[in-house]
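We have chain R; now place chain D onto it with these hints.
As a plain string of letters, each chain reads:
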Amino acid sequence: MRDVKAGSSEYITLVSNDGFEFKIQRSSACISGMIKRMLDPNGGFSESTTNVCKFSEINGIVLEKVCEYFYYNEKHKDSRDVPDMDFPPELCLELLMAADFLDT
Amino acid sequence: MSNRRAGANRIRGPHSALTDFLAANNISAAQIRDDYERRQREAAQGSNAGEGSARQEQDNSDDSDDEDAALAQAAAEEASKKAKKRKRGEKEAIEKIKKVKAAEKAKGSKKGKKKPKRGDSDEEDDDDYDDALARNMYKKAKPPPGQFEHCEICSKRFTVTPYSKDGPDGGLVCTPCGKELTKEAKAEQRAAIKKPVGRKRRKVESDRLDGLTHLGSKSLQQLCIEKVAQHHHQIDSLGDLPGSVYERLSQIFSKKRVMNPKTLPVFLRPDLDKIAIDDAAYLEVDDYKQIFAVVPHVEHIVLRNACQFKDEVVEYMLEKCDNIKHLQLYAANLVTNPMWQELFRQAGPRLETIQLQWLDAAFDDDTVQEIVEHCPNLKRLKLKLCRRITEETVKLIPGLAKLEHLYLQVSKHQEVGSESLVSLVTTIGPNLRTLSLEHFVDADDSVVDAIHNHCIQLKKLRISENDYITDAGYGALFTEWQNPPLVFVDFNSTRSLEENEPAQAIGLASGAFAALMNHSGSALKHLDIASCRHISKACFMEIFDGATQYPALEYINISFCNSVETTIVAGIFKSCPALKQLVAFGCFDVTHVVVPRGIALIGMPTAQDAIEQYGMGIGVEEAIGRMVAVTG
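Residue numbers (the numbering used here), protein chains in the order written: chain R, 1 to 104; chain D, 105 to 736.
One chain only, chain D, in its complex shape:
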């Protein structure tokens, strides 16, 4: 306003009748020009900043910016409030309208300015409409089709057609430039499209099966760690974070398969005492050397899928690190037998943990002999899927007097007689906290009898994939056993695979299961009795009768126990107040289960439902009430 008046008393040059007329009506031609130029400038700036073309055509008044922002915010809030489907529909509608508008603009037809009718975003449309109107008013008239025009982008002369595209500044562009523009627009659109919903849903299900979901939001640490993993390529160092965070980040990096030579240095800090890499498949000799060079005081080494872990790496490790106490190496198949032996000879006296898995090429009984000779302080030993070890290993292990935790799994075609296992349990049994015997197919009742007689400190017991030990044998184990109640029990797949089942029940059946729950029910946290097919319905009913409580039980796997049915599941819900997960694959008599709050039931065989059902905020009592209503 002020500059209009300012010019009034000055000496002016010659001017036209129109200018006079306008001045008389308090309109300044100079200001109109200035405004126009300012708009042009703003538009140019807008396009430099990389904004969408719609934004550039903003109204000249400043407050419309604010208005837009407010509107956008309001729209966003509104959108977030609505249900997903509704939201998607709405967004599609907006997209469509935008497309239509763009098309109309291209044609430059006056008709196109007709306001589309829509319920809840009238205001937004109004705004667009005004913008477009304002733009049209000030814009230079477009040349009609057939005339020549200079392209706004490349400044070439071209013939205007009805299909010529609008340039970013409102002019027209030639055909090649137009194509480029559409390409860019499409790329933008593609980027804006979200991942398919199906994949997200599958991810949710997968997380649930992994036991990762819980009520409410994730912890802030979890959110941050995920974000860090997302931006892994930009991180130089993690700084002074606690070791537990390092470990979790390393796990996520491994899971996302971004643990590679580039990201590895992030995890190395001289003062760390633990290196845990769950998937070291991308790491090579130099990377392993780097680990031991940067972190020489490491005590605890976990390297899984360490395919490139070679002899020279072991040599380097022995040279640099003289503090290793815990060693976990999976799939380190390039280490030769002599080197394994050298490793245990040199590092042996300090070693407390040795966990080796997936070793096919080397690591044989002679190496185990070296372990027994040179690792007197070994407390934890895990040998799983090591193809070259035989019954000889089972005979050697009793030489490890301080052993507290033992995990053994011999490969499929090795026969290990019961006598070796019995002598193993007899010798080191009294000291054992953990005993895990997987796939000792030929073990018989004498082994469980030895466990009964010699193990008095066990907390975790696993005997799986066996088809000789009888129900009576297991029953005797848990009857009047000196051992305190077990915390972790796994007897999965103990059953006979013969076609004609022997008269005496093989594997953990009714009698033994009752004895087990009687002995360990008070402390038991983890119970796996998958494929123990001889446990009867009556036995389940008696154990999970709803009145007897198993206060610690959090995880139960009753997959392929044929006698389980809906009532038993209800009984389990009632008897296990701490239950978090119940796995019931292949229990076909379980139907119409209403799952109470906080419990995940996995494996229900109804195709339409999610594979896992979740309690949605109802208590155990109400859930059972509803189940009775459905089934009764």
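Same shape as in the complex, but just chain R:
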């Protein structure tokens, strides 16, 4: 599935450290500065050819929320007074660390 069309596919895959894979729209994932740099064809990272980003620091639960945020962000791109995305409080520190890592 992954190597159908390297470099320019519309969807990319994010892999958590416990093996969960999330297929997500490229444009949404690139909200993260980190992922954007990983996928930049001029960056020379292997991720830019395979379109798979592995995160050894982020577990599946957190990564799922991150993906949810990507789409939430994309959805509210041009609107004002956006309602805050909700997530369980016990997740927020881990998510904060992931957000810091991903530059989101």
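Check each hint, because a few of them may be wrong.
[Stated by the list, open to error] Straight-line distance between alpha carbons at most 25 Å, and here's what the computed DMTMM-like set of lysine to aspartate or glutamate pairs gives:
1. D/Lys360 <-> R/Glu94
2. D/Lys684 <-> R/Glu74
3. D/Lys359 <-> R/Asp86
4. D/Lys684 <-> R/Glu90
5. D/Lys322 <-> R/Glu57
6. D/Lys304 <-> R/Glu94
7. D/Lys307 <-> R/Asp78
8. D/Lys322 <-> R/Asp86
9. D/Lys304 <-> R/Asp86
10. D/Lys322 <-> R/Asp78
11. R/Lys23 <-> R/Asp40
12. D/Lys322 <-> R/Glu94
13. R/Lys54 <-> D/Asp344
14. D/Lys629 <-> D/Asp553
15. D/Lys564 <-> D/Asp382
16. D/Lys331 <-> R/Asp78
17. R/Lys75 <-> D/Glu330
18. R/Lys77 <-> D/Asp553
19. D/Lys378 <-> R/Glu94
20. D/Lys359 <-> D/Glu292
21. D/Lys331 <-> R/Asp100
22. D/Lys360 <-> R/Glu90
23. D/Lys483 <-> D/Glu496
24. D/Lys304 <-> R/Asp100
25. D/Lys359 <-> R/Glu47
26. D/Lys307 <-> R/Asp86
None of these hints come from the bench; they were simulated from the model.
Only chain D this time, still in chain R's reference frame:
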């Protein structure tokens, strides 16, 4: 099904004609009983789990659960799609219907089961209806009013009245228990009511004035940080987060006024080199000591509103921390003069930054003398609202040879002559990057002349609240000045307060403003010319003519510049492609402005509109086109 048949070939005890009849029709009395008992059990479990009474009366079939969930989800999705008003209306309607139903149930009247007519949630109602019907079918008949019954909660015997309430398991409850139940229900309702809309709207406006709003959603980090702050009381430690996150969290904690002895330990980690607490008002001596004990290698200390920062804390700090380079203390009024002097004597050689504000009780010229003597490496000095310092301080500061950033504000009734300022600028001017002179009311043209002659590296210049420096003086400053273009300029409130204005314009007026923009326009980011009332309309028109571009300008404050009008605002939009915020309080000739995308215009005097207007996705050209259509 299987257990009905299973019993068919077994030996059975005596049974009635009815059981036979039912068996013949393939109905098992045992199963009906089992089902009933199971429902009772489920209901009991439901109430233990703390669910609402409506949920307990669920239909016995399992798939109705799923159906309910699906329906609830669908309803939620639907609700979120609709406009707010509509949504509110809908919710109210649902609430009302629920109330009506509850009332009907209480009366136990058959009529109450009539289905309320409503457009889009028919299915949901159907479901409720079925539930209620099912419940009624299996329920024990209620005793009529006047009879005795045992309360379902406290098991007391009481007389049933038409007003007796339903218990959680469908039975009746006595009057005291009924009251308790209603109380609980009301409390739940109150909790469910959202905060008033008005407050939320005011919050939005306030955020906008703080420059906090931007297009689209907040960053994930911001969301997380807010969530963390929300649950501040449950956090034991923040773990291995970067320092910048610590700082932002500390800011939010301070803003929410939850930075107190309980939450403080969260922010202390031995490997940190910066402690920044914007509101330390709740912290006491022991907390300050704890800070310095846990984080001994701290280099950068920011403690604002440090009311309980006492002599003994300073002593402890000097004892524990020998690495302090940047010190910012606001309102530390319990530190005495000798202790201030001791502090600068001991920590002086390492100090690069001293920022002190709101000091009334102590900190006088002698202390400044100590700073000058013992802090040779000082690069940044800010003394603001320190009531005891006088002109003497201005005379002392030139002794700090390495100073790059200087912020000074003397208190209201101190007179500081121009000569002291001139000698200050002459001595340390060539090295200065920042010069901020607030409220030096008596300074005159000789000061700006000295700035012109000696400052060659300035990036930020502020001269505010002055009523002697003339337009010609400012004009001369910006004409053929060696200094590269400034980035930050603030000349607010430079004007004469005399009733009869002198012939020569006081403060930054047309000539000087043109010279300023000519000199610094290419790099200028922040421009504050509030209350510079002598800048003429023609001058504004010429500077913001739409063709000349000021590529870096992001913030402009033109409040109380009387000559500003709509055309000038349009010109500003055209000339400043990077503009984010335009503050225009008291510009009464500005009307019917159509604000382009990404720009916030603050201070428009129309009562009905929001105080700030936001560009809603139209470009500069279109906005100006619309403005012309309105005004022309």
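Going through the hints against the structure:
1. D/Lys360 <-> R/Glu94: Roughly 22 Å between the alpha carbons, so the hint for lysine 360 of chain D and glutamate 94 of chain R holds.
2. D/Lys684 <-> R/Glu74: Status holds; Cα separation ~23 Å.
3. D/Lys359 <-> R/Asp86: Holds - the C-alpha atoms of aspartate 86 of chain R and lysine 359 of chain D are around 22 Å apart, at most 25 Å.
4. D/Lys684 <-> R/Glu90: 37 Å, violated
5. D/Lys322 <-> R/Glu57: 23 Å, holds
6. D/Lys304 <-> R/Glu94: With a Cα-Cα distance of about 29 Å, the restraint between lysine 304 of chain D and glutamate 94 of chain R is violated, given a limit of 25 Å.
7. D/Lys307 <-> R/Asp78: This hinted pair holds, its Cα atoms lying about 21 Å apart.
8. D/Lys322 <-> R/Asp86: 12 Å, holds
9. D/Lys304 <-> R/Asp86: 18 Å, holds
10. D/Lys322 <-> R/Asp78: 12 Å, holds
11. R/Lys23 <-> R/Asp40: 18 Å, holds
12. D/Lys322 <-> R/Glu94: 18 Å, holds
13. R/Lys54 <-> D/Asp344: 21 Å, holds
14. D/Lys629 <-> D/Asp553: 24 Å, holds
15. D/Lys564 <-> D/Asp382: 24 Å, holds
16. D/Lys331 <-> R/Asp78: Measuring from Cα to Cα gives roughly 24 Å; hence the hint holds.
17. R/Lys75 <-> D/Glu330: This hinted pair holds, its Cα atoms lying about 21 Å apart.
18. R/Lys77 <-> D/Asp553: 50 Å, violated
19. D/Lys378 <-> R/Glu94: Satisfied, since the Cα-Cα distance of roughly 23 Å is no more than 25 Å.
20. D/Lys359 <-> D/Glu292: 30 Å, violated
21. D/Lys331 <-> R/Asp100: At roughly 15 Å apart (the allowed maximum being 25 Å), aspartate 100 of chain R and lysine 331 of chain D satisfy the hint.
22. D/Lys360 <-> R/Glu90: Distance of about 20 Å is within 25 Å: holds.
23. D/Lys483 <-> D/Glu496: 20 Å, holds
24. D/Lys304 <-> R/Asp100: 29 Å, violated
25. D/Lys359 <-> R/Glu47: 41 Å, violated
26. D/Lys307 <-> R/Asp86: With a Cα-Cα distance of about 19 Å, the restraint between lysine 307 of chain D and aspartate 86 of chain R holds, given a limit of 25 Å.
Checked against the numbered hints given earlier, the structure breaks hints 4, 6, 18, 20, 24, 25 and satisfies all the rest.
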